[in-house]
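Assemble the whole structure, with the sequences as input and the hints as a guide.
2 protein chains.
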Amino acid sequence: MALIVHKYGGTSMGSVERIRNVATRVAKWHKAGHQLVVVPSAMSGQTNRLLALAREISEQPNPRELDMITSTGEQVSVGLLSLALQEEGVDAVSYAGWQVAVKTDSAFTKARISEIDDKRVLADLETGKVVVIAGFQGVDPEGHITTLGRGGSDTSAVAIAAVMRADECLIYTDVDGVYTTDPRVVEEARRLDRVTFEEMLEMASLGSKVLQIRSVEFSGKYRVRTRVLSSLIDPLMPLDDEMRSGTLLITFEENEKMEQAVISGIAFQRDEARIAVIGVPDKPGIAYQILGPVADANIDVDMIIQNTSIEGKTDFTFTVGRSDYQSAMGILTHHADENINAEVVLGDPKVSKVSVVGVGIRSHVGIASKMFRTLSEENINIQMISTSEIKISVLIDEKYMELAVRALHKAFELDQA
Amino acid sequence: MALIVHKYGGTSMGSVERIRNVATRVAKWHKAGHQLVVVPSAMSGQTNRLLALAREISEQPNPRELDMITSTGEQVSVGLLSLALQEEGVDAVSYAGWQVAVKTDSAFTKARISEIDDKRVLADLETGKVVVIAGFQGVDPEGHITTLGRGGSDTSAVAIAAVMRADECLIYTDVDGVYTTDPRVVEEARRLDRVTFEEMLEMASLGSKVLQIRSVEFSGKYRVRTRVLSSLIDPLMPLDDEMRSGTLLITFEENEKMEQAVISGIAFQRDEARIAVIGVPDKPGIAYQILGPVADANIDVDMIIQNTSIEGKTDFTFTVGRSDYQSAMGILTHHADENINAEVVLGDPKVSKVSVVGVGIRSHVGIASKMFRTLSEENINIQMISTSEIKISVLIDEKYMELAVRALHKAFELDQA
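Chains as they are written, first to last, in the working numbering: chain C, 1 to 417; chain H, 1 to 417.
It should be emphasised that the hints constitute simulated quantities derived from the structure, not laboratory data.
Note that the structure is predicted; figures quoted are calculated from it, not measured.
Cβ atoms here follow ideal geometry from the backbone N, Cα and C, with glycine treated the same way.
A few of these clues could be false.
What the hints assert, rightly or not - Covered stretches of chain H, as calculated for chain C (at least 3 residues, CB under 8 Å):
no. : region
1   : 13-24
2   : 49-57
3   : 74-83
4   : 90-100
Said to hold, decoys possible - Heads up, simulated DSS-like pairs for lysine-lysine below, C-alpha to C-alpha not over 30 Å straight-line:
no. : chain 1 : residue 1 : chain 2 : residue 2
5   : C       : LYS103    : C       : LYS119
6   : H       : LYS31     : H       : LYS110
7   : C       : LYS103    : H       : LYS129
8   : C       : LYS119    : H       : LYS103
9   : H       : LYS103    : C       : LYS129
10  : C       : LYS129    : H       : LYS110
11  : C       : LYS103    : H       : LYS119
12  : C       : LYS110    : H       : LYS129
13  : H       : LYS119    : C       : LYS110
14  : H       : LYS110    : C       : LYS119
15  : C       : LYS103    : C       : LYS129
16  : C       : LYS370    : C       : LYS410
17  : C       : LYS103    : H       : LYS410
18  : C       : LYS119    : H       : LYS129
The following block contains the structure:
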């Protein structure tokens, strides 16, 4: 008997028929003798419907009230899934985040989990119940409902698996695993049987939207055995076959191919925006003065570059998600004069990031030059470059993004197993 | 400065435009210097949508899970209304039932409020906030979400007004007050300026669905000054005019007309079902043996009649809401042989109840005979009769219901002020 956490995305929960399918699959696992905790997302379309209602009333809706509203989508899902499980003859009980409780900080709409109390869940599991927990949501120290941000149900599932020391965390989604890149962009994209946490982290953060980035962090940090697989395969497929499908997240140590060909995939992030703060005095603390107010507004900054200074002045460039562009520009132009003494703040909301991801990239010098040559052959101008141990990212004009991804996928022979 | 509770029904919350209207009205009250607690229902159609989803999955959905699902409708409403209030420049905060907390028993789908903790709400009011509380819902001692049953938002509002000793509880609905009968059935129906709690109780329980019956009980028991009025009148109407519209619930003592013409209205309940347990031994405890299991199943029994016994046997007849008919019949036929020794259990799910309601009916002997004569002149057969201090009810074939209501409304001259 093992303790298994299942997570189902919005598409998998998208209709009564699909919810029944999920129940059939969960019941199969339960009947095989396993303890099951299931974390569903809201039915697809519901969160957007609720957001649209809120935004019709308020252009900049209060985040606390927004969480009050959007958290209901998952609450409906857990109730419906419990009913479907009961119809399968499985004893099931549902909980909202606050009932567990999944405790978070108070950063509404992008809260972070601080603690999960699993006593109630454990007690239910002991009595043979399947426990269905609303993903994406929690409760802050003052008892306000919070949400974890888009894709937060992945994080909920992995965090619950980590706290409860689950044997497996299975993320059921509408794709059948992690690909070398998005198959909608490159037809020849191939499914990876295994991918390291670190690569996955880059793939997720860089736009291969299979798993939310924070869930991968949890997964790696707490060594949760996590598999991404399809909810569309036959729910009555034998367990052994199901466990061989999808993509397994592995550790560096499990990666026996480390010395070989290193590129796992091409990731991209379409909706980026670039902000350049030009001609700022090159003095200690300047980076903090620029980025502090942006971080205070809970805006995630991605790539950051500071040029070598000339005559005591430097340029400072960074990227944010496109939806945060207006607020970030507002904050910076507000601070540009008084605190920063910048000459000018320039912005471009139409840029995309493309990355080559693979374990040990840094030690294979040929990879960067191959990437730059490939882009140059397609006449694609590189606006920013940033590198890490396992990826090289470039920022380019949005309109060349798909061309770049296809060219790099081919150049690194990712279409070949 | 007064403490005012507003309650808005599903129709009043039915669209973004209407929610804005509600916010405009609440803001007007708040700006006039009053402290406001607002209790909205779910947007019209939402509760039915959620129930339909649940019933598509399960014919007899588990009540706990049903409450998990349906309570989300009001949670969305409080969030949206808070946003709309903030757009009006009013500081507003929303709470789900459990956050207040509105404590209830564990009778899922028809829970009863046991206690309301108003500390958090009072603290918010002190800082000038408008507090928006989800109606219809609460939390049981084990932390499960409960709902109060259909129309439960009225009960929430009046209970909150009672606990907080509010100066007024204004129930905004899509009708502009309490009528002598349903205007959809009788065109000449007239709005009553005032009605006693006791009459209202009968009117509400008998099908004039302006207020949920339990809310009227609370209203009378805790002497909450309650007014039913229309949410469709101009939200910027002067406060004084608004307070003269609708129907005010008054006490017996406030009713100066007590010795005069006594009939306030004709109430009806279309969806009734009759169950007759024929030929049961007339011995002590038989009524309990028949109705105990029905009550245990949380089915509300309405009219109850036991005939004079003949040769040690009696017939026992009662009515239930039509939606409970199947379960009640199931329970009774199951128990009929073993415990009750009934000869046969007969049922008729197509009956309606029509009632004449007014203070002091019992002391005016002419009223019952006038009622029976009127029905007889229309050739309507009376199946059961039941009376109280302030009403006379008859059970008739469903198909004569509207005819009976019209004839009685005319006979008692309710079309004339």
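Under the constraints set out in the numbered hints, which ones does this structure not fulfil? 6, 17 and 18
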